[in-house]
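Q: Put chain B on the given structure of chain A with help from the hints.
Those protein sequence lines, which keep their order, are chains A and B.
Quick note on our numbering: the first sequence kicks off at 135 and runs consecutively.
Quick note on our numbering: the second sequence kicks off at 135 and runs consecutively.
Take the hints with a grain of salt, since some may be wrong.
Put simply, identical chains are the same to the list, so a pair is met inside one copy or across any two.
Straight-line alpha carbon distances no greater than 27 Å define the calculated DSS-like cross-link-like pairs of lysine-lysine that follow [claimed, not checked]:
#	residue 1	residue 2
1	Lys239	Lys508
2	Lys519	Lys136
3	Lys336	Lys179
4	Lys490	Lys519
5	Lys336	Lys292
6	Lys399	Lys519
Think of the hints as simulated: they come from the structure by calculation, not from any bench.
There are 2 protein chains.
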Amino acid sequence: MKIAILSIGNELLSGDTINTNAGWMGRILTEIGCDICQHITVPDKKIPISNALNQLIDLNPDFIICTGGLGPTEDDITRQTLFDFVGTESKFDEDYWQNLTERFKRFGIQIPESNRNQALVPVDGNVIQNPVGSARGSKFKMKDTTLISLPGVPAEMKAMMTESIIPMIQEKGLIPKCIRTLRTTGIPESALIEKIAPVIEKDHGCDIGYYPSLFGVDVRISHADLQPVDSLSKDLYGILGVSIYSEGKESIEEVIVQLGKEKNKTISTAESCTGGLVGHRLTEIPGSSDVYKGGLVVYSNESKIEMVGVGKGTLEGHGAVSAETAESMAYNVKNKFVSDYGISVTGIAGPTGGTKEKPVGLVYIGLAKNDGVKVKEFRFGNNRKRNKLRSSQVALNWLRLSLLND
Amino acid sequence: MKIAILSIGNELLSGDTINTNAGWMGRILTEIGCDICQHITVPDKKIPISNALNQLIDLNPDFIICTGGLGPTEDDITRQTLFDFVGTESKFDEDYWQNLTERFKRFGIQIPESNRNQALVPVDGNVIQNPVGSARGSKFKMKDTTLISLPGVPAEMKAMMTESIIPMIQEKGLIPKCIRTLRTTGIPESALIEKIAPVIEKDHGCDIGYYPSLFGVDVRISHADLQPVDSLSKDLYGILGVSIYSEGKESIEEVIVQLGKEKNKTISTAESCTGGLVGHRLTEIPGSSDVYKGGLVVYSNESKIEMVGVGKGTLEGHGAVSAETAESMAYNVKNKFVSDYGISVTGIAGPTGGTKEKPVGLVYIGLAKNDGVKVKEFRFGNNRKRNKLRSSQVALNWLRLSLLND
Chain A
135 MKIAILSIGN ELLSGDTINT NAGWMGRILT EIGCDICQHI TVPDKKIPIS
185 NALNQLIDLN PDFIICTGGL GPTEDDITRQ TLFDFVGTES KFDEDYWQNL
235 TERFKRFGIQ IPESNRNQAL VPVDGNVIQN PVGSARGSKF KMKDTTLISL
285 PGVPAEMKAM MTESIIPMIQ EKGLIPKCIR TLRTTGIPES ALIEKIAPVI
335 EKDHGCDIGY YPSLFGVDVR ISHADLQPVD SLSKDLYGIL GVSIYSEGKE
385 SIEEVIVQLG KEKNKTISTA ESCTGGLVGH RLTEIPGSSD VYKGGLVVYS
435 NESKIEMVGV GKGTLEGHGA VSAETAESMA YNVKNKFVSD YGISVTGIAG
485 PTGGTKEKPV GLVYIGLAKN DGVKVKEFRF GNNRKRNKLR SSQVALNWLR
535 LSLLND
Chain B
135 MKIAILSIGN ELLSGDTINT NAGWMGRILT EIGCDICQHI TVPDKKIPIS
185 NALNQLIDLN PDFIICTGGL GPTEDDITRQ TLFDFVGTES KFDEDYWQNL
235 TERFKRFGIQ IPESNRNQAL VPVDGNVIQN PVGSARGSKF KMKDTTLISL
285 PGVPAEMKAM MTESIIPMIQ EKGLIPKCIR TLRTTGIPES ALIEKIAPVI
335 EKDHGCDIGY YPSLFGVDVR ISHADLQPVD SLSKDLYGIL GVSIYSEGKE
385 SIEEVIVQLG KEKNKTISTA ESCTGGLVGH RLTEIPGSSD VYKGGLVVYS
435 NESKIEMVGV GKGTLEGHGA VSAETAESMA YNVKNKFVSD YGISVTGIAG
485 PTGGTKEKPV GLVYIGLAKN DGVKVKEFRF GNNRKRNKLR SSQVALNWLR
535 LSLLND
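So here's chain A without its partners, still in its complex pose (with noise of 0.2 Å):
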């Protein structure tokens, strides 16, 4: 199945918003089977959506898949443009205006005009429904092509993708590919390469893609068949064991809930440098809250003593970047929310704060249980955003390790 992706809006092109739309349609089609011919990105203007169009018609894909411009501000001219290159009138929809009004006024807010345009629909042409917004999507047939035009704003495309769009794809008879996604933390890619690099070499057929993130690395197998792709699995496994947290889209975050179900432990978390970040994180899942107590973010050196307890002479003698504070918090955050784990954060995010026996990147991280508290240190590096982003990840790493082995 042969796709073409054309992405409209001049905030993209100036690189206002990256462009993150084509990439996720190139990487959930290709999933399912497609190819990508050709992707183009052009201003909110009438005459070069019409170009593009006409250009990416003669590659004769089955699909073109346009993004954008279907918000309800003047420059907003894609729906009007799409009408006019396919040659089709269009009509005003009543009942959808009206659903539109009452959405509004649940809102409190009273509809404003600009938003007639989203209630226009194509005569010759279907709707495609928006769950998720107000912008509805449309769909035309053009010789072998069929067009279909979505919203721009991320989470409005991806709902119409996976609720009407996939569907449709897969409708007409695709053959899928079997890929599975192995996601790995805790080891970098080049030291992953290696360490594999005895069973990727070998004749398994399968294709192989490696998907490094601040998070870990995440590699997809792929082949026509199942079998290949569960042997390679296998052998996979064998190497990275443990350090293989999901297959396909599961988070730690979603691993560490389940597994806090399942054997019914509570955490709590005890936050300096990453602020709250942990907490985020787990809170991101429906049910955590079955799972995480909550926490303290202690930014301060006071709330460090006042809220989590941590004594002045802890503070004073060895810092509130040290293996002592981070155990002292862990140790108390567990007692103050009873909860089966308690797991503390503190270090130098960054980018000032350091020094030469405590530089910027270093994070002690302390996890209480039951059975008494460990430390560890890490040292990251001079990137405040990334070093928070880093830490939490090695703290819900270290929650999910314990969590498979208590």
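A: This is chain B only, laid out in the frame that chain A set:
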């Protein structure tokens, strides 16, 4: 100055790599006064590359900048494809090959034969030096368009853009545009547009772009001259007032930390449904420790009672998601952390846990100051992650407005 961008690489189309290069180039080039007229992404195949180049040349740009496909592996076909496209012979650069061989030797590696293609240079064209890698670029003159080829590795592309391409473009006598971005929060896009319509519809001559996100709407104004930008900005400030939280790139978190420092005020947080997100966002900013003292994540009812001192009667009588609980959380966290402001968030993030009276998306935010506590009620949507983000944004904006007025 009109610029077209051509990205070459299968991994970009399949979404295995997010194309951050195009966005980066768009932003840098827009800032110096260029217009990006179109961006195309094609696979590592000769015919699609040539076709895309022909399409871009038809737009008559001053420059076409290609990235990708200059590596040493056999799927890196950009170099030869461009030589064929412009009709030039190539020659082998023996000096560069010796240089590369030496470089590899210094790392203890014997240079692979496959790297030889990186020493090929065009007879009719120029070489662009790569200060950080082995793949050099090329430059070709074609009628009115200059065709540039750069490697796709972001660090190499950026170094070459900065050292060679930007100066080359600027030499042609570029007049940078005056650009100002007014960042707003708290007004939905359509309502904002209606509000500012009387000013926008005037004959100011500026280009206007609207960039909505979950956090608010950025309004970007640009013009060749400063005066119209100044004048329109002033009119927009007249209407939008303190809904504008910054100009340019400054985030609302940065504004809060800056205001807190200026006014010598401190903040603490008591978070339920946001789970630490407000603290996390504040601590993304270097120097936030001067302003943010810390907080409590009280995710369970027990922790609301034990840790932040919400009365058992309040919880039983009004529920964990109530104005009374939010009030108590804000008041108590302010006292516990001895801060000037205590902000609290409690709500039903979803997707479950809602009732008819208290639906998913219902959120109470409380702010305690020295002169008392106020609570506001909000109704967001059904999406857990969005509810958390929206709640955190409203809480931060309330802190900002209080800091402005106090």
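Q: Now look at each hint and say whether the structure bears it out.
A: Consistency of the hints with the structure:
no.	hint	in the structure
1	Lys239 <-> Lys508	between (54 Å within a copy, 25 Å between copies)
2	Lys519 <-> Lys136	neither (39 Å within a copy, 33 Å between copies)
3	Lys336 <-> Lys179	between (49 Å within a copy, 21 Å between copies)
4	Lys490 <-> Lys519	within (21 Å within a copy, 40 Å between copies)
5	Lys336 <-> Lys292	neither (37 Å within a copy, 37 Å between copies)
6	Lys399 <-> Lys519	between (30 Å within a copy, 24 Å between copies)
Hints 2 and 5 from the list above are not met by this structure, while the remaining hints are.
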